Amino acid sequence: MASASLRSLTFGQKLLILAVLAFTIGPFAPLIIQSLAFRWAWPDLLPSVWWLEQRQISPFPLAWDYVLSPTSKVLEATVNTIGIGVAVSLLCLLICLPAARVLARANFRGKKRLEFFLSLPLLVPEAAIGIALLMIFTGLGLSGTYVGVIIVHLIPTVPYMVRMLTAVYQGLDQGFEDNARVLGANDWQVLTRVTLPMLMPGVLAGALFTFLVSTNLFLLTFFIGQGSIVTLPTLLFSQISGGAMGATAAGIALVASLPGLILLVLSDRLIREEAFALGIGE
Amino acid sequence: MKNLKKIGWSAVLLTALLGTTTAHAMDDAEFRSQFLSGSMDWSEVTKRAQDEGTVNFYYWGGSDIINLWIDQVAKPALAEEGVTLNPVRITATKDTVDVILAQLASGKGEGEGSVDMLWVNGENFFTLKQQGALWGSFADKLPNSVNFEWDNADPRAQLNLSDFGTATDRMEMPWSGEQYVCAVDRAHVSQEETPATFEDLKAYLEQNPGKFAYVKPPHYLGNTFVQSVLYAHNPEGTGAEPFQLSLEELGADKLAALIEPGFAYLKEIEPLLLGGPQGNPRYPEGPSELDNLFLNSEVHFNCKFGLYGVYAGLITGTYPETAEEMIFPAGNMIKNKSYLAIPLNSPNSAAALVAINYFSSVASQAAMMKQAGMPAGLDTWKLAEADQAIINEAAPPHYGVTQAEFDANIAPDTNASLVDVIEGTWLEVIERGSDKPIKDVVAEVVANLK
Chain W
0 MASASLRSLT FGQKLLILAV LAFTIGPFAP LIIQSLAFRW AWPDLLPSVW WLEQRQISPF
60 PLAWDYVLSP TSKVLEATVN TIGIGVAVSL LCLLICLPAA RVLARANFRG KKRLEFFLSL
120 PLLVPEAAIG IALLMIFTGL GLSGTYVGVI IVHLIPTVPY MVRMLTAVYQ GLDQGFEDNA
180 RVLGANDWQV LTRVTLPMLM PGVLAGALFT FLVSTNLFLL TFFIGQGSIV TLPTLLFSQI
240 SGGAMGATAA GIALVASLPG LILLVLSDRL IREEAFALGI GE
Chain V
0 MKNLKKIGWS AVLLTALLGT TTAHAMDDAE FRSQFLSGSM DWSEVTKRAQ DEGTVNFYYW
60 GGSDIINLWI DQVAKPALAE EGVTLNPVRI TATKDTVDVI LAQLASGKGE GEGSVDMLWV
120 NGENFFTLKQ QGALWGSFAD KLPNSVNFEW DNADPRAQLN LSDFGTATDR MEMPWSGEQY
180 VCAVDRAHVS QEETPATFED LKAYLEQNPG KFAYVKPPHY LGNTFVQSVL YAHNPEGTGA
240 EPFQLSLEEL GADKLAALIE PGFAYLKEIE PLLLGGPQGN PRYPEGPSEL DNLFLNSEVH
300 FNCKFGLYGV YAGLITGTYP ETAEEMIFPA GNMIKNKSYL AIPLNSPNSA AALVAINYFS
360 SVASQAAMMK QAGMPAGLDT WKLAEADQAI INEAAPPHYG VTQAEFDANI APDTNASLVD
420 VIEGTWLEVI ERGSDKPIKD VVAEVVANLK
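Chains W and V, in that order, give the protein sequences.
So that you can map any letter, position 173 of the first sequence is 172 in numbering that gives the first Met the number 0, and since no number is skipped, the others follow by simple counting.
So that you can map any letter, position 347 of the second sequence is 346 in numbering that gives the first Met the number 0, and since no number is skipped, the others follow by simple counting.
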């Protein structure tokens, strides 16, 4: 099936697919090579000395040996990044679901203005928010704590999530909920058996997006975490600042892209299954 | 009546509670004043350090070999003394200085901060000291302070007593003594072609245009290069000497006269620097970018603080295999020290004292040289012969230059108050290409600083 449809594509379409692949997978190739290199100088197409050749004589753990050693703090950073990302996604959902319901269904004065205000945090530069919040959070004893970092991650994620969920809610016919009620379901049952399952693809997409934004935030994490909360972006930044990327930095960059990659694959599956189960697919 | 009784009981409870916490250990301010007065026994400090348990050490974490040394050697050694070392790796020390100042500004005073000790020197130390954000004059009260020269009468003590011209007042402990060293790529530059003076360098660049770059000021590595140029072109021939004075002592006019020939040289070589022949001279932003240019043969020299820089570059693969050290600029290779300091609001100050004392020991300094490629900060002439041997043995190898040659060509750092002016002048004259007389530029920069 797949090969037949591939053959039916025109030359131009094939070229386009190739370009997309080159842009999405392309950047990973030099990263992978760099992470396996010991000395890689211009204009050599490949490293002149590889990590594995140097590994035996090196007085200290090189490249992946360093990335996988406890000194690199990669494990701690990965656990922190995923933990914070999950907490931020859940909290964000908790805040945005009721808000989106109201924005989608209710009509009140100043609604348009409120929607505008909700996206304001996206317009203010992170650095400006970060420095001001650092002073406030320090006073509250929240700087350098996980709670502080999670709260600050909500700032750039809530506006996106509200918009996304509002659109999803607007697409959900209130008739389904009314039907359930007529058939005797209580509010809790309506929410868990009807509303949430029907919203699931949108909720998943929103949560995924929030998670990805949270796992990539550097500046806010750095300001509020004060360097004592290590995440993959802060770790990566301390490795590549100065404009050069060595083997360990390349290795950490690859690890840093893993959570997002795994989640994308997982959610793609989940959303598709969910859609099939509801009979919307095909 | 009943209510009164209740209040009475809670008051008793409260005082009992408060009593137990204060009886448990003296408070931070008391500990600080007693220790700084010199009336405290070291065993009391170590006991308190064990009660505190942890020390949060903030330091620049951009070097794998330094990180490994801290984790594999320093951490276990301090664990034996009952203190857990928590290394917090940062990108720029200035960020940590900002955090400390923000904490103090929002009322987090003595014992209420989050940073116990930090690796610092120059401008950052100056800022902390000026803002009264340092713990106090502790350095000469540590047991291992015997490894350092504190006697003002000995000129060699200056590196311990003065940090970029700011008196350390023993508020920071010397950790590592660095020297500004240039590496040369022997694949391109023969022994005869190797420049020893700035005139030699210019002659080399006329033959090989574009093959040199220095880090862009205000990065301290760029400032240091500019300073060595100014020393060498001092019209009075007194080298680094007048640059030890503060701006107030020296005066702006005098400074302008001293730096004029040096800036003329910097302007002359600009078209010969990296990108210069194409009409677009390029200054790397930091040492890793310069390392990369050097590795890729885009430049033939790499100047930075790194007495063992070539060794570190070779074992990490960041330098070309043909890299060697060179003596340049002869007689004007700036040497300075970096230090360990304790901020005023350190929550574990006793543990910080114990950790700094450990980092000042012969064993720790020897391991630091050997594993992290950082030069020792202690003064070898203060050591017993056996300890001197340990330090000499731990030293990483040199490539093409001997330690004695390095020692014979040192120059001191520039006073911190002048560094700001020189930096501002560089930005105006070189970056913006101003043609105003140096005297006017310096006067403007000085006026803007105030």
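Be aware that a few hints might be false.
What the hints assert, rightly or not - Short, incomplete list of chain W residues facing chain V, as computed with Cβ under 8 angstroms: (1) Phe-37; (2) Pro-58; (3) Phe-59; (4) Pro-60; (5) Trp-63; (6) Leu-96; (7) Ala-131; (8) Gln-169; (9) Gln-173; (10) Gly-174; (11) Pro-232; (12) Leu-235; (13) Phe-236.
Stated by the list, open to error - Once the Cα atoms are required to be at most 20 angstroms apart in a straight line, the calculated EDC-like pairs of lysine to aspartate or glutamate come out as: (14) Lys-93(V) to Glu-125(W); (15) Lys-74(V) to Glu-125(W); (16) Lys-381(V) to Asp-153(V).
Hints are computed from structural coordinates only; laboratory data are not their basis.
It should be emphasised that the depicted structure is a prediction, and the values quoted were computed from it without experimental measurement.
For each residue, glycine too, the CB sits at the ideal point set by N, CA and C.
Do the hints match the structure? See the list:
1. Phe-37: Cβ of Phe-37(W) sits 4 angstroms from chain V, so the hint holds.
2. Pro-58: Interface hint status for Pro-58(W): holds (6 angstroms vs cutoff 8 angstroms).
3. Phe-59: holds (5 angstroms)
4. Pro-60: Since the shortest Cβ distance to chain V is 7 angstroms, the answer is holds.
5. Trp-63: violated (12 angstroms)
6. Leu-96: This interface hint is violated because 35 angstroms lies over the 8 angstroms limit.
7. Ala-131: Ala-131(W) check fails; min Cβ-Cβ to chain V is 11 angstroms, beyond 8 angstroms.
8. Gln-169: Result: violated, 44 angstroms to nearest chain V Cβ.
9. Gln-173: Nearest chain V Cβ about 49 angstroms off; hint violated.
10. Gly-174: violated (54 angstroms)
11. Pro-232: violated (12 angstroms)
12. Leu-235: With a minimum Cβ separation of about 11 angstroms from chain V (threshold 8 angstroms), the hint on Leu-235(W) is violated.
13. Phe-236: Cβ of Phe-236(W) sits 6 angstroms from chain V, so the hint holds.
14. Lys-93(V) to Glu-125(W): holds (19 angstroms)
15. Lys-74(V) to Glu-125(W): violated (36 angstroms)
16. Lys-381(V) to Asp-153(V): The hint holds at about 12 angstroms.
Violated hints, in rising order: 5, 6, 7, 8, 9, 10, 11, 12 and 15; the structure is consistent with all others.
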